[in-house]
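Chemist: Start from the sequences and build out the full structure, keeping to the hints where you can.
Here is how the chains run, residue by residue.
There are 2 protein chains.
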Amino acid sequence: MNASEFRRRGKEMVDYVANYLEGIEGRQVYPDVEPGYLRPLIPAAAPQEPDTFEDIISDIEKIIMPGAASPACTELETVMMDWLGKMLELPEAFLAGKAGEGGGVIQGSASEATLMALLAARTKVIHRLQAESPDLTQAAIMEKLVAYSSDQAHSSVERAGLIGGVKLKAIPSDGNFAMRASALQEALEGDKAAGLIPFFVVATLGTTTCCSFDNLLEVGPICNKEDVWLHIDAAYAGSAFICPEFRPLLNGVEFADSFNFNPHKWLLVNFDCSAMWVKKRADLTGAFRLDPTYLKHSHQDSGFITDYRHWQIPLGRRFRSLKMWFVFRMYGVKGLQAYIRKHVQLSHEFESLVRQDPRFEICAEVTLGLVCFRLKGSNKVNEALLQRINSAKKIHLVPCHLRDKFVLRFAICSRTVESAHVQVAWEHIKEMAANVLQAERK
Amino acid sequence: MNASEFRRRGKEMVDYVANYLEGIEGRQVYPDVEPGYLRPLIPAAAPQEPDTFEDIISDIEKIIMPGAASPACTELETVMMDWLGKMLELPEAFLAGKAGEGGGVIQGSASEATLMALLAARTKVIHRLQAESPDLTQAAIMEKLVAYSSDQAHSSVERAGLIGGVKLKAIPSDGNFAMRASALQEALEGDKAAGLIPFFVVATLGTTTCCSFDNLLEVGPICNKEDVWLHIDAAYAGSAFICPEFRPLLNGVEFADSFNFNPHKWLLVNFDCSAMWVKKRADLTGAFRLDPTYLKHSHQDSGFITDYRHWQIPLGRRFRSLKMWFVFRMYGVKGLQAYIRKHVQLSHEFESLVRQDPRFEICAEVTLGLVCFRLKGSNKVNEALLQRINSAKKIHLVPCHLRDKFVLRFAICSRTVESAHVQVAWEHIKEMAANVLQAERK
Numbered sequence: 020m021n022a023s024e025f026r027r028r029g030k031e032m033v034d035y036v037a038n039y040l041e042g043i044e045g046r047q048v049y050p051d052v053e054p055g056y057l058r059p060l061i062p063a064a065a066p067q068e069p070d071t072f073e074d075i076i077s078d079i080e081k082i083i084m085p086g087a088a089s090p091a092c093t094e095l096e097t098v099m100m101d102w103l104g105k106m107l108e109l110p111e112a113f114l115a116g117k118a119g120e121g122g123g124v125i126q127g128s129a130s131e132a133t134l135m136a137l138l139a140a141r142t143k144v145i146h147r148l149q150a151e152s153p154d155l156t157q158a159a160i161m162e163k164l165v166a167y168s169s170d171q172a173h174s175s176v177e178r179a180g181l182i183g184g185v186k187l188k189a190i191p192s193d194g195n196f197a198m199r200a201s202a203l204q205e206a207l208e209g210d211k212a213a214g215l216i217p218f219f220v221v222a223t224l225g226t227t228t229c230c231s232f233d234n235l236l237e238v239g240p241i242c243n244k245e246d247v248w249l250h251i252d253a254a255y256a257g258s259a260f261i262c263p264e265f266r267p268l269l270n271g272v273e274f275a276d277s278f279n280f281n282p283h284k285w286l287l288v289n290f291d292c293s294a295m296w297v298k299k300r301a302d303l304t305g306a307f308r309l310d311p312t313y314l315k316h317s318h319q320d321s322g323f324i325t326d327y328r329h330w331q332i333p334l335g336r337r338f339r340s341l342k343m344w345f346v347f348r349m350y351g352v353k354g355l356q357a358y359i360r361k362h363v364q365l366s367h368e369f370e371s372l373v374r375q376d377p378r379f380e381i382c383a384e385v386t387l388g389l390v391c392f393r394l395k396g397s398n399k400v401n402e403a404l405l406q407r408i409n410s411a412k413k414i415h416l417v418p419c420h421l422r423d424k425f426v427l428r429f430a431i432c433s434r435t436v437e438s439a440h441v442q443v444a445w446e447h448i449k450e451m452a453a454n455v456l457q458a459e460r461k
Numbered sequence: 020m021n022a023s024e025f026r027r028r029g030k031e032m033v034d035y036v037a038n039y040l041e042g043i044e045g046r047q048v049y050p051d052v053e054p055g056y057l058r059p060l061i062p063a064a065a066p067q068e069p070d071t072f073e074d075i076i077s078d079i080e081k082i083i084m085p086g087a088a089s090p091a092c093t094e095l096e097t098v099m100m101d102w103l104g105k106m107l108e109l110p111e112a113f114l115a116g117k118a119g120e121g122g123g124v125i126q127g128s129a130s131e132a133t134l135m136a137l138l139a140a141r142t143k144v145i146h147r148l149q150a151e152s153p154d155l156t157q158a159a160i161m162e163k164l165v166a167y168s169s170d171q172a173h174s175s176v177e178r179a180g181l182i183g184g185v186k187l188k189a190i191p192s193d194g195n196f197a198m199r200a201s202a203l204q205e206a207l208e209g210d211k212a213a214g215l216i217p218f219f220v221v222a223t224l225g226t227t228t229c230c231s232f233d234n235l236l237e238v239g240p241i242c243n244k245e246d247v248w249l250h251i252d253a254a255y256a257g258s259a260f261i262c263p264e265f266r267p268l269l270n271g272v273e274f275a276d277s278f279n280f281n282p283h284k285w286l287l288v289n290f291d292c293s294a295m296w297v298k299k300r301a302d303l304t305g306a307f308r309l310d311p312t313y314l315k316h317s318h319q320d321s322g323f324i325t326d327y328r329h330w331q332i333p334l335g336r337r338f339r340s341l342k343m344w345f346v347f348r349m350y351g352v353k354g355l356q357a358y359i360r361k362h363v364q365l366s367h368e369f370e371s372l373v374r375q376d377p378r379f380e381i382c383a384e385v386t387l388g389l390v391c392f393r394l395k396g397s398n399k400v401n402e403a404l405l406q407r408i409n410s411a412k413k414i415h416l417v418p419c420h421l422r423d424k425f426v427l428r429f430a431i432c433s434r435t436v437e438s439a440h441v442q443v444a445w446e447h448i449k450e451m452a453a454n455v456l457q458a459e460r461k
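Listed in order, the protein sequences are those of chains A and B.
So the first sequence is numbered by our numbering: it starts at 20 and just counts up by one.
So the second sequence is numbered by our numbering: it starts at 20 and just counts up by one.
Treat the hints with care, as some may be off.
You can't tell identical chains apart in this list, so a pair holds if it fits in one copy or across any two.
[Claimed, not checked] The calculated lysine-lysine pairs, modelled on DSSO-like cross-linking and capped at a C-alpha distance of 30 Å, are:
| # | residue 1 | residue 2 |
| --- | --- | --- |
| 1 | Lys413 | Lys81 |
| 2 | Lys188 | Lys342 |
| 3 | Lys117 | Lys412 |
| 4 | Lys186 | Lys163 |
| 5 | Lys81 | Lys412 |
| 6 | Lys211 | Lys163 |
| 7 | Lys342 | Lys30 |
| 8 | Lys186 | Lys211 |
| 9 | Lys186 | Lys299 |
It should be emphasised that the hints constitute simulated quantities derived from the structure, not laboratory data.
Modeler: As structure tokens, this is what we get:
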């Protein structure tokens, strides 16, 4: 949507809200619909081609308004998470469908998703061990629990461990910054021999530092064999998996218990919108419901009636699935795929510019929209380059350390980025680099 | 703001956003401002009288835009939380000021605030006990930790205990549904004698069921004497404390370590916006920072540079303080006080209608905007009345249990509610009651 259409549609929306407020006394205070009303009114999958804005707005009045905030808010979320799961070709087990045991939920951030997964895994292992040995206290078990992630994982994983009161160990990544079977297996064996209880592994697809990918096809089977919960954090990279050519990066998701990525990062849905799926919703809700027997009676968790407050830390919820509905329909799957592909193509364009300049080096494989690069030479000269670039305030780069190397990160992430911006940025970087190198020679 | 002004202002805002997007390439990618730039540009307290919309918008361009999303998002939040703290006459220790040790943060919900307080208290007591006895493991301490709240507290308190992996005990409330000194003291003594470690008390001001108030002036000193963290959950009632006549309900807050209420409930700020203050920000951030020594050097937590990601579960943050800024200025403190007073007056109006009808009884003292009432008689007849009312869908009531009594709750909570609505609702309730009583007689 360009600025001129935004002006028009935005003003129509303002009128829609004002009309709603003016006519509110004429509306019923409580909806007439029955649980499960919404799914049959909506296609089973996102459209391939864009829908018109008129169609979407007319569906708001027809489909959402009769369901008011509740149950429409819950039901649209369940269906949108199924749409998105299908776009990613997630295994069927992760979808809510009409009576599935899995399903998706919108969290606020990947940090919350990781924490929820860790807490669910913690409860599950405690229940299992207490069922085997009824004398074991929760504290006695928790003291021995160990969670694992790669040494490249986001700091929020370590934080989830702190909050959950369990140990978290970093598995050394390989030369491509990926977690591999051998290192994980070694850690698990060592800890089990020491009497500890491995219970949770976070695999990262698209690390923050350099967009590396843990080896799911190796790590997944180990987790399944050891009966350890596998959570996948694909916060940034997940959006790319809607493109068939990037979907292989997600192979191995079938071994996972939970999977998360952030449509607010790279799928044009405004912050916040973090999409999380689980294979067994009862694992997630069981961690926080006070009476587990209550879980089992009634069709409360049948896919028709989903009580999302048991899936998350806060109780209150916003109607975030509306953002997904609008974006998926206004772009269509093809439009979203084109958006991802353009960004990846632009990052390769930047990569090839860097590779053509012998003063620079590429520091990690470029897979999606991130290019890690640096001047060949000391960390000091690269720190000076970064400082010069960020002080000029023409572009802004966030650095990282890869092992001992100080590295600059060029991230393609704006909705409106074009090749011309990449060219201008590269010319600017070269100019700053020339200045830095000249200053160094003096 | 009425619907007609909303139409005008809303469309101006749409144009503002479109102009911003169209002109974005002309803007600098990184702000020029220094940390702490914002506070001197904004008054030290909220205005008493409303500001004009023009003034507010012009301040957006002058004050917010030069600070971009960062640091403006953080700094406006700190200042707005100080404004709001001053409206409530919170003790100075809770304010950030220019170099305070305390301060406020916007959480998503009261559940999150309670959880953050519990986690901070848990870390603090573990550190204290490990400093005294370095051989104590975290698990050995956690096994003995006990948190307390009234038996009227919200279920989210019990949930925080589950997530935090600590015991939570319910203190029997008195005849007015309030937690009192004697019952709390008895529980503490019993648990200490049994070798347990009391570490956290949640006092509720304005319970969900009947808007009762725990006795802070009794409970507070006990918590301080026992070195137990006192958290106050005033999710609903907190907004009323901006009125001097209701401020005495908050007396005793000076004994608390943390305090929370939800401006999104009753202060005209849209969901979500849950305001939380702590006396010692280091207690909160210390629970989640991986290197506590890092806390102490640099002026990172001086009130100028506040890293809110250490204050909450998620890492990402929305610019929620803008909502507060707009609302506080558009209403002025007097406008907000008038709004609260009107609601309280309307609830008393409903209360007196109920009291005039001998078939009904009032079930709890009416202090703010909630009236708990029922037909004199069995729970069954009241359940039938509720069902009849909610099936008619003219009004909607949410019930509760007070001890063994099934009780109806009439909540004044709409922005546009007037005496006429209360009258219509009461006539409707009387009609439904007559039908129920007649049906019973048959």
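Chemist: Are any of the numbered hints broken by this structure? If so, which, sorted upward?
Modeler: 2
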